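Numbered by our numbering, the letters in the sequence shown go through residues 1 to 495 in order.
Be aware that a few hints might be false.
[Said to hold, decoys possible] Here are the computed lysine to any residue pairs in the SDA-like style, where the Cα-Cα straight-line distance is at most 25 Å: (1) K208 <-> V175; (2) K331 <-> A361; (3) K267 <-> I3; (4) K440 <-> Q346; (5) K471 <-> E405; (6) K9 <-> R176; (7) K331 <-> I240; (8) K209 <-> L197; (9) K9 <-> Q346; (10) K456 <-> N357; (11) K489 <-> Y289; (12) K401 <-> I3; (13) K329 <-> N399; (14) K351 <-> D397; (15) K331 <-> N392; (16) K337 <-> T458; (17) K329 <-> H261; (18) K267 <-> I240; (19) K198 <-> K225; (20) K480 <-> D125; (21) K489 <-> S281; (22) K337 <-> N394; (23) K331 <-> K471; (24) K208 <-> V460; (25) K482 <-> R108; (26) K336 <-> V460; (27) K473 <-> Q296; (28) K351 <-> S453.
Derived by calculation from the structure, the hints in this document are not laboratory data. On a predicted model such as this, the values are computed, not experimentally measured, just so you know.
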Amino acid sequence: MEINPQEFKTFLIEYEKNNPVENWQFNGMDLWPIIKILTSRYINEISRKSKANYLVKAKSISKKTNKNSIIKKVIAKINIIWKTFAYKLSIKPVGNYPFILFGSRYFRVNVGGKYINPFFQPIIDYSITKHSYNPLVCDYYKEQNMQYYYYDKSSPEKFVNKEQFKHYKFFQKNVRYQGDSYLDNFINAIINAYPSLKDVDIYQYVFKKITTIYNKSFIYLEIFKTYKPKYAICLTFYAIEMFSMLYAARQMNVITIDLAHGYGLNKDSIVYFQHHKIPKSGYNTLPNYFWVWDKQIAENFNLWIDNSPCHNVIIGGNTKIYYYINNLKPKRLSDKKVIFLTLSLQLPDSKILESINISGAEYEWWIRLHPSRRSQQSELDDYLSKHCVKSNYNIIDANNKTIFEILMNCDAHLTYNSTAIYDSVFFGNIPLLLDHLSLKYYSHYLRNGNALSGYKVTPVRLLKLIKEAEKRKSDISKIKPKHEEFIDKMIKQEL
């Protein structure tokens with residue numbers, strides 16, 4: 001089953017414009033941001049996978065649910081109520097924290113034997129150094145049961161109390177969302193527009209997600225009641241856990257900030273930019289602030305945020321890049337000049353293949369696959385050999401080293417549409433943009449001279465542009481952090 005993602009986005013945008021979606025709520029929780037974002041992601045998933053897989057999955061979920069007897073449910077409910085009461089008696093508020101950092105364990109990487117979150121680490125380091133405040137961190141991840149902490153003796157971070165939140169069911173409610181007529185109409189509109197989805201259980205998917213988000217919000221209420229933060233900084237606000245956190249934060253008057261982690265400049269983004277119906281008080285399932293990397297991204301947000309006084313933008317820079325700039329050391333990747341090529345979903349086209357062949361012995365091409373195809377290194381090697389490409393390329397190091405280490409030390413960078421373009425510019429490169437999408441979304445870099453167009457040029461011309469990019473690579477040691485002024489404001493509670 002294939003559904004064009006862009007067409008479905010258009011459908012969602014038009015539905016939003018023509019219906020009072022800003023009024024959709026469940027027990028006070030705003031639903032439209034949740035429904036719009038998660039439905040879009042779900043449809044994208046099933047457009048890439050077989051319809052049968054989703055039908056079987058939906059049936060298996062129902063079957064599993066029916067196995068629970070009424071007696072077992074009653075006993076389990078009594079047990080949870082008793083343990084919740086006993087546990088709450090043992091918990092006492094532990095003071096006022098300026099802010100808490102919320103992020104998935106997924107973002108953590110091993111750096112020098114420490115398992116750190118590079119988005120959060122500059123914030124933590126600056127807070128400790130400048131303000132003697134060690135921020136509280138709340139990690140979430142799925143491993144057997146959902147855990148609301150992460151603990152590592154090698155880490156200097158201060159985590160939400162391990163024992164307090166490891167039994168999350170002590171706080172989680174068990175209220176089931178049953179749906180409303182407006183949701184029925186919305187899903188019927190989807191099926192009318194896309195008849196191939198009529199047998200896919202979108203209802204069950206939406207009901208389950210809304211129920212989960214609402215019930216988990218009570219966990220975050222307990223966190224906020226205990227630690228009393230003024231601000232909550234999160235990564236990927238559109239994750240199930242973070243929707244729950246946002247709703248809980250709004251109830252406790254905690255100001256929420258979504259820390260930019262990797263979006264580009266696509267103005268069609270359902271998640272970040274395409275919001276047309278905003279309640280006067282804002283959505284309580286969207287962040288109060290969107291922390292963005294630069295002015296260009298902020299301008300895209302302003303297309304809708306200008307109409308909503310409850311949602312705002314902070315231009316705080318990219319903390320992850322700042323972390324790597326300050327913790328990686330410049331070094332030669334090879335005894336040859338390294339041309340770094342980052343691929344999209346497709347393999348190198350004939351222009352790139354010919355460019356590699358005529359580039360000369362002074363160059364070595366490091367070819368990095370798209371993250372979703374990182375396991376296909378042998379297929380890429382076979383493809384290059386089949387097309388008579390010389391041996392002046394490196395696939396293994398290009399895909400095993402961190403992209404930041406390569407961007408810092410390569411001599412030139414060629415890329416298809418990717419957020420790596422933004423990263424590349426910050427590491428002092430003049431990236432060569434190879435497709436029409438990269439030209440569309442990063443046109444301001446072309447206008448400012450921070451990128452070059454390698455689209456629809458001959459291999460000979462491409463090599464000349466590579467030499468030009470080499471000469472223009474800049475020194476990144478003088479880059480000043482943007483995040484520090486906002487940390488100062490949060491510590492002083494002046495944001």
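Checked hints:
As the CA atoms of K208 and V175 are separated by approximately 11 Å, the hinted pair is consistent with the 25 Å bound. Proximity of K331 to A361 is assessed by CA-CA distance (about 20 Å); at most 25 Å being required, the pair is judged to hold. A hinted pair counts as satisfied when its Cα atoms are at most 25 Å apart, and K267 with I3 qualifies at roughly 20 Å. Proximity of K440 to Q346 is assessed by CA-CA distance (about 19 Å); at most 25 Å being required, the pair is judged to hold.
About 19 Å separates the Cα atoms of K471 and E405, which keeps this hinted pair within 25 Å; it holds. At most 25 Å may separate the alpha-carbon atoms for a hinted pair to count; K9 and R176 exceed this at roughly 28 Å. A hinted pair counts as satisfied when its Cα atoms are at most 25 Å apart, and K331 with I240 does not qualify at roughly 41 Å. As the CA atoms of K209 and L197 are separated by approximately 19 Å, the hinted pair is consistent with the 25 Å bound.
Between the alpha carbons of K9 and Q346 the distance comes to roughly 23 Å, so the proposed pair stays at or under 25 Å and holds. Of the supplied pair hints, the one linking K456 and N357 holds, its CA atoms being roughly 18 Å apart against a limit of 25 Å. Proposed proximity of K489 and Y289 is supported: the alpha carbons are some 14 Å apart, at most 25 Å. Proximity of K401 to I3 is assessed by CA-CA distance (about 35 Å); at most 25 Å being required, the pair is judged violated.
Between the alpha carbons of K329 and N399 the distance comes to roughly 19 Å, so the proposed pair stays at or under 25 Å and holds. Restraint check: the Cα-Cα separation between K351 and D397 comes to about 23 Å, which is no more than 25 Å; the hinted pair holds. This hinted pair checks out: K331 and N392 have alpha carbons roughly 20 Å apart, not beyond 25 Å. Restraint check for K337 and T458: the C-alpha separation of about 21 Å stays at or below 25 Å, so the hint holds.
Taking the CA atoms of K329 and H261, the gap is near 23 Å; set against the 25 Å cutoff, the hint holds. At most 25 Å may separate the alpha-carbon atoms for a hinted pair to count; K267 and I240 meet this at roughly 23 Å. For a cut-off of 25 Å, the pair hint linking K198 to K225 is broken: about 44 Å separates their Cα positions. The hinted pair formed by K480 and D125 meets the criterion: a straight-line CA distance of about 15 Å does not exceed 25 Å.
Annotation: proposed proximity of K489 to S281 holds, straight-line Cα distance about 23 Å (limit 25 Å). For the hint pairing K337 with N394, the CA-to-CA distance comes to about 12 Å; that is within 25 Å, so the pair holds. Our distance criterion of 25 Å between C-alpha atoms is met by K331 and K471, whose separation comes to about 17 Å. Taking the CA atoms of K208 and V460, the gap is about 56 Å. The hint is violated against a cut of 25 Å.
The suggested pairing of K482 with R108 holds, with an alpha-carbon distance near 22 Å, which does not exceed 25 Å. The hinted pair formed by K336 and V460 meets the criterion: a straight-line CA distance of about 20 Å does not exceed 25 Å. Proximity of K473 to Q296 is assessed by CA-CA distance (about 22 Å); at most 25 Å being required, the pair is judged to hold. Note on K351 and S453: the hinted pairing holds, with a Cα-Cα distance of about 14 Å set against a maximum of 25 Å.
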